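> Chain by chain, the residues:
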Amino acid sequence: MSTAHTEPIPNPLQRQSGFAASAALEAEVDELVTHYPVKRAAALMVLHAIQEQFGWISQEAVEWTARKLELQPINVYELVTFYPMLRQQPMGKYQIKVCRTLSCALGGGCELHQYFCEKLGLNAHAHGPQTTKDGKFTVEFVECLAGCGTAPVMMCNDAFYEGVSHKKADEILGGCQ
Amino acid sequence: MSNTATTETKPAAPAIEKIKVKVDGRELEVPKLMPDWQGKLVPTTMIQACELAKTDVPHYCYHPKLPVAGNCRMCLVEFGTPALGPDRKPVINPDGTPKIAKSPRPAIACATPISPGMEIYTQTPGVKQMREGVLEFLLINHPLDCPICDQAGECKLQEYSVDYGQSASRFVEPKVHKPKAVDLGPRIVLDDERCILCTRCIRFTKDIAGDDALGIVNRGSYNTLTAYPGKVFDNNYTLNTVDICPVGALTSKDFRFQMRVWFLKETKSICTSCATGCNIIVGSREEKVYRYTPRENDAVNACWMCDHGRLNYKWIGRADRLAEVRRQTSEGRSEKTTWTVALNEIAEKLKKAPHGSVAIVASARQTNEEFWLLKKLADKFGALTDSIGYFGEGDKLLLNVDRTPNRTGARLIGICQANVGIKMMVIADSIKVGKVKTLIVFGEDVTKSSLDAELLGKLDTLIVSDILPNETTKRAHYLLPGCAHVEKRGTFTNIKGRVQKFMKAVEAPGDARPEWEFLHDLVYNVTGQDGFLTIEGLFNEMAKDVPAFNGLTWAGLGDTGVTVPT
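Sequence order for the protein chains is C and Z. So for the first sequence, my numbering puts the first residue at 1; every next one is plus one. So for the second sequence, my numbering puts the first residue at 1; every next one is plus one.
Chain C with its partners taken away, still in its complex shape (with noise of 0.2 Å):
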């Protein structure tokens, strides 16, 4: 046997102790398998509604999900990974998504992702979501929110926004209590 330096199967997924999906969680998960002709397909929207549920994907979530569809956990561990808005860290409570595709990106998105991380102050260099330390808020990129005739746009949470300016940008985060 060599007896060179090896390393663990690395582990990006993160723990969430307590864990326990709720019998409206059960149920919802046993509802949505029926839609489907195997359990593996309902794999995605199990996951959605885990994440709606508590707001991220960990550990224990993936291999809850992989023994209620009868999968390895690596199944799923393959999709979570797979999926940036499959979260595998907890958010802020108001998740800010700015588009950063071509109109946007001429319109001026960069700068106002720019100046939501300089508000709330977070590394606007740093690749993927950032979050404050307070948890309230989390600031990223996403791809085309279809709104390019008014770039540049914006999501908080559920809502879209248009052609945000700065003053805009400030009126959202005061909305966000």
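These aren't lab readings, by the way, just hints derived from the structure by calculation. Treat the numbers as computed from the prediction; the structure is a model and nothing was measured. Incorrect hints may have been included.
[What the hints assert, rightly or not] Cut-off 27 Å, straight-line C-alpha distance, at most; resulting in silico cross-link-like pairs (DSS-like, lysine-lysine):
#1 K288/Z with K39/C
#2 K435/Z with K380/Z
#3 K351/Z with K458/Z
#4 K39/C with K206/Z
[Unchecked claim] Calculated Cβ distances over 12 Å to all of chain Z for the following chain C residues:
#5 A20
#6 A21
#7 H35
#8 K39
#9 Q51
#10 E63
#11 Q72
#12 I74
#13 T101
#14 L173
Ideal Cβ positions, reconstructed from N, Cα and C, are used throughout, including at glycine.
With chain C held as given, fit chain Z onto it using these hints.
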């Protein structure tokens, strides 16, 4: 089952319609349907047609024994099909040949079925460019660590780089870095930077080994092969993923950094760890065995072998191997002697032995030829013969419950019964009552069976041949050092009756000789039967003599063996 030996294990399939295709301008007829990875007949693919045309199509993810994934794009080829006019009839060229409508796009040869009249082009400038393009992308993040990579020398990426690679990379951006030495399981280390994401290992372990353990996580250039964190990649077939990995991503902990593959001598052999008899290649250098790898034989093991068998070779090179012929003097002292002295003395003693006073315990790890020679001795003396069975847990794929390679051969030749070991008690009783005075033991520690040390002490003559020391060899009056299967030639008969031959890879230590050689001398000395100084002659003579093997010849066995009725 018929009484004649066959090379096929299944009845002949019904005739399959043939269709004409052209590969690089050469017309050939190929079957319309061919077996897929499960052996099910499905429409023939371009890559299968090209293989029949002896045209090599480079590929990474395609493997004939795995489901088709079609993700590496290396097997892209150009093709055309007969053009149809507005009347849906083939358009004919002025010279009478059908007009071929060349497809505007290439197709992956591994997943595109052929159609009648199809023309496949594998050597066009376009195909060459595509291969160069695919390869350039594969090499974008690939490290340049060939000098320390275990796959070097048997790496598809290296081979195709020679054919289609560029001498300098055009990629100026920083490479994506990934985990370098992930401990996937007890036998596997993964270098994610070398991985080209062909998913062969994922498909093998999921669909062949039945352990859905591997997957690809993250996205785009961050794609990473992994097992689930905290889980261990540990089924009995993990090392096959190392074989099928086209690059050096998956490496065997046992073999990595041990030997450059181009130094290994490759010898066709048979795995001896169970009765399945997987065909293997023994990799050896300077009389040392470094690894076993599976050798394709669709009648036995397809392209796979189990980890249990693959790693069971360390005993061959053990330092305490028996390497001296030894005899016990009249004072009970053990001394070194020569083959001539020992064999002559044994022959003299055996000639004087009364009928029925000899017993033989053979090992089910011996070859058919050795059993036959032992049977000759047994017949001469009316000797009781038997062997000892070793059984363990089997699995659904390859590992058999019978952990000996040749119990079937021992039974067919008449050394043991279907119920192996049933006569061991009779032998023990015969020794106890003093009927059996001479015991010949091959490759077994009989003190672990019904013949304990006290019983062995009652014998006048105990002749033992083995390769490693044990309690029985310690008590031998004559100790004859034998050979491991990789040190001699011979044949085994597997559990399904397939007679398969194996070749010599390394030299035996010291004075050790192949058992069939000295058994042949002994049989000649005792019975006067002469003749077969080569293993070929011996096998052919045995095949004439043993009804189950009638019609077989050494040459006729080929590399993959012949199945006989059992």
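> Against each hint, give a clear statement of whether it holds in the structure.
Hint-by-hint comparison with the structure:
1. K288/Z with K39/C: violated (52 Å)
2. K435/Z with K380/Z: Answer holds: K435/Z to K380/Z is near 17 Å, not above 27 Å.
3. K351/Z with K458/Z: holds (20 Å)
4. K39/C with K206/Z: holds (18 Å)
5. A20: holds (20 Å)
6. A21: holds (20 Å)
7. H35: holds (23 Å)
8. K39: Non-interface label stands for K39/C: nearest chain Z Cβ at 14 Å, farther than 12 Å.
9. Q51: holds (18 Å)
10. E63: violated (9 Å)
11. Q72: violated (4 Å)
12. I74: Contrary to the label, I74/C does not stay out of reach of chain Z, its closest Cβ about 4 Å off (not over 12 Å).
13. T101: The claim holds: T101/C sits with its nearest Cβ about 17 Å from chain Z, beyond 12 Å.
14. L173: holds (31 Å)
Figure legend: structure checked against the earlier numbered hints; hints not met, in rising order: 1, 10, 11, 12.
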